[in-house]
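K.L.:
Residue numbers (my numbering), protein chains in the order written: chain A, -4 to 155; chain B, 67 to 818.
If you're looking for bench data, these hints aren't it; they were derived computationally from the structure.
Note that CB positions come from ideal geometry on N, CA and C, so glycine has one too.
Hints are supplied without guarantee of correctness; some may be wrong.
[To be verified] Quick list of the computed label-pair ranges, beta carbon to beta carbon:
#1 A:Gln18 - B:Asp237: 49 to 59 angstroms
#2 B:Gly656 - A:Asp113: 33 to 43 angstroms
#3 A:Leu14 - B:Pro106: 13 to 23 angstroms
#4 B:Glu216 - A:Asp120: 41 to 51 angstroms
#5 B:Ala351 - A:Gln18: 23 to 33 angstroms
#6 B:Gly814 - A:Ala154: 55 to 65 angstroms
#7 A:Asp113 - B:Glu667: 39 to 49 angstroms
#8 A:Gln18 - B:Pro806: 13 to 23 angstroms
#9 B:Tyr505 - A:Asp121: 34 to 44 angstroms
#10 B:Met105 - A:Pro116: 41 to 51 angstroms
#11 A:Ile79 - B:Ser584: 35 to 45 angstroms
#12 B:Gly107 - A:Leu14: 40 to 50 angstroms
[What the hints assert, rightly or not] Okay, the calculated bits of chain A under chain B, using three or more residues with CB under 8 angstroms as the criterion:
#13 48 to 59
#14 72 to 84
#15 91 to 102
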Amino acid sequence: MSSKLVVNSNINGQDVEFLIEPQQSLLEILRDAFGLTGTKEGCNDGNCGACSVLFDNRLVNACLVLGVEIEGRKVVTVEGLANINELHPVQEAFVVEDGLQCGYCTPGFIVSTKALLDQNPDPSDDEIRFWLAGNLCRCTGYDKIVKAVRHAARLMNEAR
Amino acid sequence: MNNSMVSMDKHRSVGTRPERIDAKEKVTGSALFGTDIMMPGMLHGRILRSPHAHARIISINTANAESMSGVFAVVTANDLPEADDMKEKLGESTINYKFLRDNNLASDKVLYVGHAVAALAAETPDIAENALELIEVEYEILDPVLDVRESMSTELKILHEQLRTLGSTNDKSTNVAQHIHHVKGDPSLGFDEADVIIEREFITAPVHQSYLEPHAATATWGKDGNLTIYASTQGAFVTRRQVSQLLQYPMSKIKVIPTEVGGAFGGKNPTYVEVPASLLSYKTAKPVRVVMSREEVILGTGPGSGTSIKVKMGAKKSGKITAAQAELCYEAGAYPGSPVDPGSMAIFAAYDIPNGQIDGYDVLVNKPRVAAYRAPGAPQAAFACEQVIDELASSIAMDGIEFRMMNAASEGTERINGKLHKSIAIKEILGIIDDHPHYNEPIQGPYQGRGVAIGFWDNWGARSSVDINVNSDGTVNLISGSVDLTGSRTTVAMQAADVLEIPLEKVKSSMVDTDSISYADTSAGSRTTMATGKAAVEAAYDVIGKLKLEIASLWNVSIDSIRYANGVFSSNKGKDTNMTFQELAGKLSGQVTGHGNVNVEDWAGAGGGTIVDVEVDPDTGQIKILKCTVIQNAGKAIHPGQVEGQMQGGVVQGIGWALYEGYEYDKNGKVLNANLLDYKLPTALDVPNIDAVIIEKPFPSNPYGARGVGETPIISPAPAIANAVQKALGVRLHRLPMTPSRILEEIGITSE
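Only chain B is shown next, with the shape it has when bound in the complex (with noise of 0.2 angstroms):
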């Protein structure tokens, strides 16, 4: 693998801002997404959802619904094949094939109001909807837990008998699936030696991902055994894969394509409708496509998950912290995979802390399996530690960003959890904010504060695949393994296009279905832009290889002698011609391919900050965001303004986060706002111009020093806003959604 940088002189589309790749068809309507797939002879096919939190099914009778006219299958758990109890890497999180199976098509529990019972095709999607209807389902209804810790106590609520916790050696049924346990030097002795000590406990909701395009997935299952999916999916693979495991279907036999994704943010990975789709297929040998609906988002897929977060933490006056201690409760929903494991990694990431210790507990409660969502329990994590950071520092009198900055790491830093610290930019960063204009100016008004808050996310590297082929008129046809969620198709091209020394709009750039191309892990972790171009790079290098063998041969001088620069071949012995790019195509036989299959398991994680400004109305306990700035290190922008987009748009989901959204239950576990006028988004009207500052400090080794940008942005606004509040108002929010009743809970008056 070649691990050099890619020569600055090389960078021609690298760190500009060409016309993404598929805007045309995006502003025009003509991308196709998973909801706009349309077969001939297609059927409708719809899930039928429990009603109940936590209930035992008795028997499903689908006779009524099947004898209905229109009506074609009705499918089950029991079409399903046993699934192996396996779990393996998916992505950012881990998954159970066993509980994978179950949670797309439940078994003998249902364990969330929403949760998979059955699914049917029918002709139209109106008696699709009302042949549900016609499905008879008898249900023991259980009393549900729906609390992270009274889920982690109860010894009568327990949702899988089976299940011990892992890291435990407790061998009783529990609904806590796993504790993570880091210690590093001695916390006790660190608390010790603290002159001040703050311990608060967080709260924060479920939050949902939101993607605007619903899941949808139209499967054919062919005569000849040939399964075909087209999926709204991040990892054509990961579908593949899971559908794979969840049929007991060969991989070869399946094919996923990959549709334009609307939306995803860690939700789209794992399978929700693809397999009730393909065994509807195969049941009525027509294609069948399955989009939920908005309720079905809410109520079924992955939600990141609720948490309650304890923190302690201790300084000398000084300024300087002693001890840190964590206790991360997330939930899980209905089956094992919080994101506990990377929040635990997150919590304290951005600083040098000698003494700490963390726990985390992966706990079930009676609500939808928790997907991954942008830096997976990051946000979290720092809503508790840079509020608990910013109250130790004006404990000390001390200014809350030379606070940070007395205590950041910096490369090398021993974490909590034993790692080290590669190259990371926490301390310029901080440098950033302290010199912004934004930091500096005075506050305007009454009610108005000023909140601050850094993030560290670890990122990803993983696999991804690029073949390039070489057409005869010099351009040529990139196709890539990566699902492209917001521009990797044009980031990729860039890349390559550099290396290649032609201009990006030689450079067709596509992602292509799993029949087509070697193995890509997810397009999640923001990974794509970073390892996918990787695999890009290899695979130019790999072209111009080829191409210089193809010279070298046609001038009869040895390789060695070939140089390429500008676009143009040329050798230094005994041969004065000169041979450009698109006139050696020219002459080839059309078939040079260039192949970049990249495993990257050295990548580097990013940090970022955000500055804003909040003026709270103490009448309705209203937060207005008056003004914002995020700061981060990309590492190299590969598409400036790719990456302010992803910034921005990080910021307003934290936003989101921090003022509005939520899941809010009853006492039985039915959701109240399962709907996108009760569950509140933020809207372009909430929200101000964010500025977006990236800094550039290399990863030495990504060719051209990139690093992931897409999630780090949602991090840190939420503690941010909530720092802004405590400025603004003298109190502060240990809760999320910082709703008005709640803030005017805070200031002494109760809402009715």
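Isolated chain A (complex conformation) (with noise of 0.2 angstroms):
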């Protein structure tokens, strides 16, 4: 049996400390810990990024990244996106364009969506398509997950 560590960590702008066995992975930590259900699981080796979250701003595979190694850094998931009364815009966009089914990879896409828009504001179907290839979702086919990214990408725009 391991000996846990102790871990300090910004997870949605709020400054955490916890224990945690070293060889659980943040999406544990996130989802067990933390209760950050938002962020899924849906195969636990890094091919479905349904765990997308940013890590220091970069887009990660939760599952890929072990709970130790966020200690000192910034950790965003889907639920630290939204105000309490408002949609962040890319939830918006992906309400408005029926950018989802069953839901359960929406969380990872909302993320990966805000990596991609926040480095790029306006990206071609093609470069969208390019950057959402790491998150697998098996219910729309991805046309209405495009024009959602698009219909983001004007909202934050017009934002600016």
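Dock the two chains into a complex; use the hints.
P.N.:
Structural data, given as structure tokens:
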């Protein structure tokens, strides 16, 4: 039985301190220790993107990051995007464009889209599809997701 | 039951694109799926799975695992009562409870790699995982049979000694669970009349539904004997039924609470984790959650059938088909129940064929027991039929659409199984394809080709339940026994709102547990928006009827004199007052409830088609999808945005079947690609925008004319792509998936 370690981090803008076993993934910590179940497990080996989160503003699969790695770093999950009364423009766009069906992959797509638009505010369809190739969706066929990303880009550019 | 159509002037919500009721919860990550359920004191359950494809279980020793610190209980098939040898229709497939029991926890034999053998509950997932290694299972390894044709002829590699072929008089052990046989007219005479005959054999790999959410259930067995299960399932009631049968426990004491479901596509009808979770909760007196890993999902849950299909068709030079024959051999996996029956119904369903014969075989192999997968059995059948159709057309130098049009089925056409087509729209679909700019624009470059295919699916009706409670502020609560897989809470509420003549925002629509409403069949067969929508319409009419009674007594007039239009009650007798729905609601006790319990026995199938352009790289064998248009008859698109989504999603799954997906086995029956890297699903980069064309030929028995839409779009993409590849390369592929190495083999380059 391994001994637990203390980790200090910032998750969704809150400073947090927690105990963790060294083998635990960031995904386990987010879901089991913090109840942030918006970050989903689809494969646990980095192939589906359902656990996409921002790690110091970089898009990562939380299943491939060890919990101990977030010591002194910032993590943003889907729960960290919306204000209490207002959706993030990316979320708003996915709602308006019907960019979801079952909704299980949706948080991953939302976080991934935010990461894209933060660095490329006006992506082409090809750029959107290339960027989102790390997120699997089995329901939508991606068409309405791509439209939602374009819509989100418009909303965010209007707000600038 | 009210069989009349809802009048067109009441279509306020229906036909529009309102925001989905569950959308905000899902985009914020707040929606709770089966994998998200957590309970105080909850234990984590894990399942031990067989490493062998075929073996007899000699012994299972759980003592070491049980004594490990942090482990609370271990269960095996010995903890389950004997199950009845009883078959029942469950969604689109049938289930035998004895076999289901053995599939949940193997008793005497394991029949595929990944077959569940034991389950345990521990304090943490890590402890549970590690404890699995301490369960000792002694196996006597047997030879597996993996090929469907080999399995049909083998007398040695028998999965179930007691099994005999249904539909045959042969009293020998066999792996053929059923033989289906349909004949129409005189097939041999029909082939004699033909000027051209094409006969081909096709092979398709087993493919997984690949919902992103793994199977998950959390069970709590209370001290009072009441069992509560949160389940990611397509049907709360069918899950309750299976758990009740397998545990021999009264249905009244089992409450199934459906969670949000992260995709299902047919695969979340059978139980896998619910029963082990319940047994473990019973033994530990704690809540137990069992969530599968992706590997377990691929190894242990139902794929769609791998198949071997022979098709022979003959036609006159004039273009008329004279005869068709098909032999469909479908893998059932470890237990009977492949979708060969619906596959047999679907294979020639789009055509009017005077003479035909269909033989379907349900064949056991040492692979996971198949589950329904979106239009079960039909994509495999269409992959075969639609290629032979294309070849026949080109062999008589006729345009493929013209040839299909000449032979298209229509209302009243007798099918090979003797059934008559109801209202269908095959000819309309072909007409739209023929006129579509995509079909008529020139091909852009070398190694490019355009293919077309059509498909037909019968859909389903069945039982649905909806209650509507009227609140004193004029809002209503609509509850439904149907699980909402991809938006039916919204589409069902839209139909009720229009009958009630209130805005959709005034309807709160929820799915509820099995204690709270009467029985509903599972959400499958493209039925929910159509059949549960009909239940909602019934419930809404029931509300209006009851409100008319209330207002008649309030105004002291006869109920016949009450009119309800545009959300306002009025009477034409002695009373000139009006009252709105909301005003009346305010005067009521708050106890007006409308019930809608329907068993939809009259429903209609839906046809669809795909136009696709491909480009093949002759050096790598890679197929790129350049452009894709999908056409479908929705009857009435209740929410056109959702219908488009079903069509686009179905097509992309079909592209996955066509190009990437398929289980790969070694000779011992080990799956070589049980992860989402090696079992490749289409990504956003692999597919173009999918142009969805909805046509609306109403089905008269539905209040809005709606038909099922979810399944049809997966049927025609694979054959359309194969037909396009033929145009691009001049070679025809008879095997799915059409991987680069298979393309290279076909054009004479063997890969090493």
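K.L.:
For which of the previously enumerated hints does the structure constitute a violation, in increasing order of number?
P.N.:
Checked against the structure, the hints that fail are numbers 2, 7, 8, 9, 12, 13, while the rest are satisfied.
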